[in-house]
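The whole structure should be built from the sequences, with the hints applied where relevant.
Listed here are the chains, written in short residue letters.
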Amino acid sequence: MNSETQSVSAASQSYPDRLQSKLRRVLVSWELLLLCVAVFIFWLNTQASPYFLDPWNLSDATFNFTEKALIAFAMALLIISGEIDLSVASIIALSSTAMGYAVSIGMGTTELLIIGPLVGLACGAFNGLLVTRFGLPSIVATIGTMSLFRGISYIILGDKAYSGYPSDFAFFGQGYVYWVITFEVVLFAVFAIIYTLLLHRTSFGRSVFAIGNNPTAALFSGIRVNRIKFILFLLTGLMAGIAAVCLTSRLGSTRPSIALGWELEIVTMVVLGGVNILGGSGSIPGVVLAAFIMGLVTFGFGLLNVPGIVMSIFIGLLLIGVIGLPRVWTKGLHFWKSIVSR
Amino acid sequence: MNETAQHSDSIKPLLELSGISKNFPGVRALSQVSLELYPGQVTALVGENGAGKSTIVKILTGIYQPDDGRIDINQKQTRLSSPQVASQVGITAIHQETVMFDNLSVAENIFIGHAPKNMWGLIQTKKMHQDAKQLLERIGANLDPSIELKNLGIASKHLVGIARALSVNTQVVIMDEPTAALSYKEIEELYVLIERLKAEGKAILFISHKFDEIYRIADRYTVFRDGEMIGKGLLNELKEAELVKMMVGRDVTGIFPQRTGTLGETVLEVKHYSHPTEFDEISFSLRRGEILGFYGLVGAGRSELMQCLFGISESSNGALTLDNRTLHIKNPTQAIDNGIVYVPEDRGGQGVVTGLPIFENITLPSLNKLSNRGFLSLAKEFSIARSYSEKLELRAASLDQHVELLSGGNQQKVVIAKWLATQPKVIILDEPTKGIDIGSKAAVHAFMRELADDGLAVIIVSSEIPEVIGMSDRIIVMREGLMVAEYSKATVSPELIVRDAAGIAEHVA
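Chains as they are written, first to last, in our numbering: chain Z, 1 to 342; chain W, 1001 to 1509.
I should point out that these hints are in silico values taken from the structure, not numbers from a laboratory. Watch out, some of these pointers could steer you wrong.
[Stated by the list, open to error] Taking CB as the label site, the calculated pair distances span: (1) I139/Z with E1148/W: 25 to 35 angstroms; (2) A1379/W with V328/Z: 36 to 46 angstroms; (3) R18/Z with K1391/W: 16 to 26 angstroms.
[Stated by the list, open to error] Straight line, CA to CA, 20 angstroms or less: simulated SDA-like cross-link-like pairs of lysine to any residue: (4) K1391/W with D17/Z; (5) K1157/W with N1169/W; (6) K22/Z with Q1088/W; (7) K1232/W with F1256/W; (8) K1330/W with S14/Z; (9) K22/Z with K1133/W; (10) K1271/W with Q1088/W; (11) K1369/W with N1317/W; (12) K1330/W with D17/Z; (13) K22/Z with L1376/W; (14) K1330/W with S1274/W; (15) K1369/W with F204/Z; (16) K22/Z with R1474/W; (17) K1369/W with R224/Z; (18) K1133/W with W1120/W; (19) K1210/W with Q1401/W; (20) K1391/W with Y15/Z; (21) K1271/W with G1261/W; (22) K22/Z with S1383/W; (23) K1369/W with P326/Z; (24) K1380/W with L219/Z; (25) K1198/W with K1150/W; (26) K1380/W with F204/Z; (27) K1391/W with S14/Z; (28) K1058/W with Q1088/W; (29) K1330/W with R133/Z; (30) K1330/W with R224/Z; (31) K1380/W with L198/Z; (32) K1380/W with T202/Z; (33) K1380/W with S14/Z; (34) K1330/W with L198/Z; (35) K22/Z with Y1215/W.
Treat the numbers as computed from the prediction; the structure is a model and nothing was measured. Heads up, the beta-carbon is just placed ideally off N, CA and C, and yes, glycines get one too.
Shown next, in the form of structure tokens:
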């Protein structure tokens, strides 16, 4: 009798897919908050300057984030998996230097388009080997390669600069695909979609989340943890190489100090986008919105003639704030609860 | 009053626990237990894994607070509200894996928290080293106080731990399986040291699975079983066989599901499997529909063997044949692809991916099968997760509930579900019911038998004697990395496997 009622109640246990409706999940999401912030800053910018809404002006504004965002997509996956790559800006420098050297020995645009990403890929492979094969913590390994890669650029270039890139190479950083739509914006949009699908719709992306939450349990579930981490370093290197093509093309020259300090802005973009710096959670749409916000803020500061160093201070504060606020918030909540319960 | 106490024959206990209860969500770890420790005597605490021994140690050292009961020290009721308080009243624990600071010196480890200081509040290194030397000499340890702890072996670390205990004027010393990693000679030295502590009037709680050493060193015993105090008294009044019986207790047949299916052909054949450090020359075979039990003490190499079969580590020698194909399994992915899956003992660390919802945990090993050119179908995932949740009668609010919000038993069901979704041939369960409540335990047992009856080959590793005897068709006992005995269901008895595992010579009874 007793066992019968038990089995009946067990059979009647139903498992809804999700408890919260889709609308509710969107409403409490970090991405919605980011969207509101983006709209607000957009509105502030329109107030700051009457020329802001000009299509050509808006088009110019996108250069502030597209190249960094390309790297941020791959970096987001890497950080979700529990690793990080701080050498990305140095990869740009090395990749750009390699392209400059290629031009100096007479290579054309097609070769440049191969060399740039390939150097990025090689740098990524090097980072990946250090972390997955030799077991170095990625934060230390990539601080090392950050110095190493840019150091090589300095040795090759010294205080000189490469320029004289072919004229058709300029398209990748300065060209327009249609009206005010730049090649870089198109690239940004395409990669945003690719990375959204990769992270949120494929078994590869699911494995990345699993590794970031618990690498041991992921390994014990048959996930090839080291292989996936290696691929993520490769992807990050590749994206840095692609960004190097765009940036070199846009600037038209290569100095060893190119993209100096970008790793900070890229990591900030990723964390602002809602990716947990400790790994395990995050989304690409969040990173896309964070890219917009950082681009708009940079551009707004430019309109207001705010000096670059202030921008740097702002980025630093933003990074600390985004990482620190949730903790302060939960601690405050605990404190408040403990007062109320007393 | 004082005089009568001194004149009476029985000494008063130094530390007295009475009516101690402790509950965890879904589990009653201790129920109204009592324990007395006498000055100058060693009390052995005996019990199976899960009997509540470590819980009582944590209560004594102030890590856990009991839900109920009282603690008296020197006939005075005391609350051990934190580890600091426990240390102040003179209780020190020396753990199996002693918690100390590898990068600090011996002297710093002894005096950490109470180092001698000068008038400026700076540590007097010289005095500290002198004092440390003195303490070490007092226990007959010839150690250099300035050497870093990481350069010492386990035995020497124990000595440092004991010196530390003496430096804070400890009255009660808890030794939790102190001999587990020691050599024969080191164990003898430890015995000498324990005799010294006894002579100094310390009360010692000695936890061990090894009966020979209990009889060698202890004066009294206390037996715990399933969170209850079963018996206590003087050891010289009790035969070893009775102690084993008390520890194992209940009737082990009857409550476990019986086999209804028939044994099929041999699925898995392991020959001369060896590992550089953990186990050697393991050979066994496993048939479809069979449950094979592995019993042994902690450190016997059972889990290491299973993880090696699953590809977490590689074997140094030997062959594995699955369905008549010889395999070299190098990683878990290969093991899973070939149909060998492993439910680990460390559920939270290796079993479930906390932070991911139930359905993502269940589909994790089958992602490749469930995806179309790498793309996942949520509908497919939910349907797989739902069917196995129903089969295992999972208790959950929804399939996207995070696994860490489930009880231990239900987390275990998620781990089992994730493996069943891969449609394995051999399932290895390592301590499958450790730390889960009685209800889920029965469900997991019933389900294991059902799997075997459906034609799966099952290996169960368990330190719980009733479980391993009740569930298994055959039992292999391991000790120190070797297979020491094999029993069929008909020939096995709790006393036999306890003796084999502990390495006690056969008694002529």
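How the hints compare with the structure:
no.	hint	result
1	I139/Z with E1148/W: 25 to 35 angstroms	holds (26 angstroms)
2	A1379/W with V328/Z: 36 to 46 angstroms	holds (40 angstroms)
3	R18/Z with K1391/W: 16 to 26 angstroms	holds (21 angstroms)
4	K1391/W with D17/Z	holds (16 angstroms)
5	K1157/W with N1169/W	holds (19 angstroms)
6	K22/Z with Q1088/W	violated (55 angstroms)
7	K1232/W with F1256/W	violated (29 angstroms)
8	K1330/W with S14/Z	violated (40 angstroms)
9	K22/Z with K1133/W	violated (68 angstroms)
10	K1271/W with Q1088/W	violated (55 angstroms)
11	K1369/W with N1317/W	violated (32 angstroms)
12	K1330/W with D17/Z	violated (36 angstroms)
13	K22/Z with L1376/W	holds (19 angstroms)
14	K1330/W with S1274/W	holds (14 angstroms)
15	K1369/W with F204/Z	holds (13 angstroms)
16	K22/Z with R1474/W	violated (51 angstroms)
17	K1369/W with R224/Z	holds (15 angstroms)
18	K1133/W with W1120/W	violated (24 angstroms)
19	K1210/W with Q1401/W	violated (43 angstroms)
20	K1391/W with Y15/Z	holds (12 angstroms)
21	K1271/W with G1261/W	violated (27 angstroms)
22	K22/Z with S1383/W	holds (19 angstroms)
23	K1369/W with P326/Z	violated (38 angstroms)
24	K1380/W with L219/Z	violated (23 angstroms)
25	K1198/W with K1150/W	violated (29 angstroms)
26	K1380/W with F204/Z	holds (17 angstroms)
27	K1391/W with S14/Z	holds (12 angstroms)
28	K1058/W with Q1088/W	holds (16 angstroms)
29	K1330/W with R133/Z	holds (16 angstroms)
30	K1330/W with R224/Z	holds (12 angstroms)
31	K1380/W with L198/Z	holds (18 angstroms)
32	K1380/W with T202/Z	holds (13 angstroms)
33	K1380/W with S14/Z	holds (17 angstroms)
34	K1330/W with L198/Z	violated (28 angstroms)
35	K22/Z with Y1215/W	violated (65 angstroms)
Checked against the numbered hints above, the structure breaks hints 6, 7, 8, 9, 10, 11, 12, 16, 18, 19, 21, 23, 24, 25, 34 and 35 and satisfies the rest.
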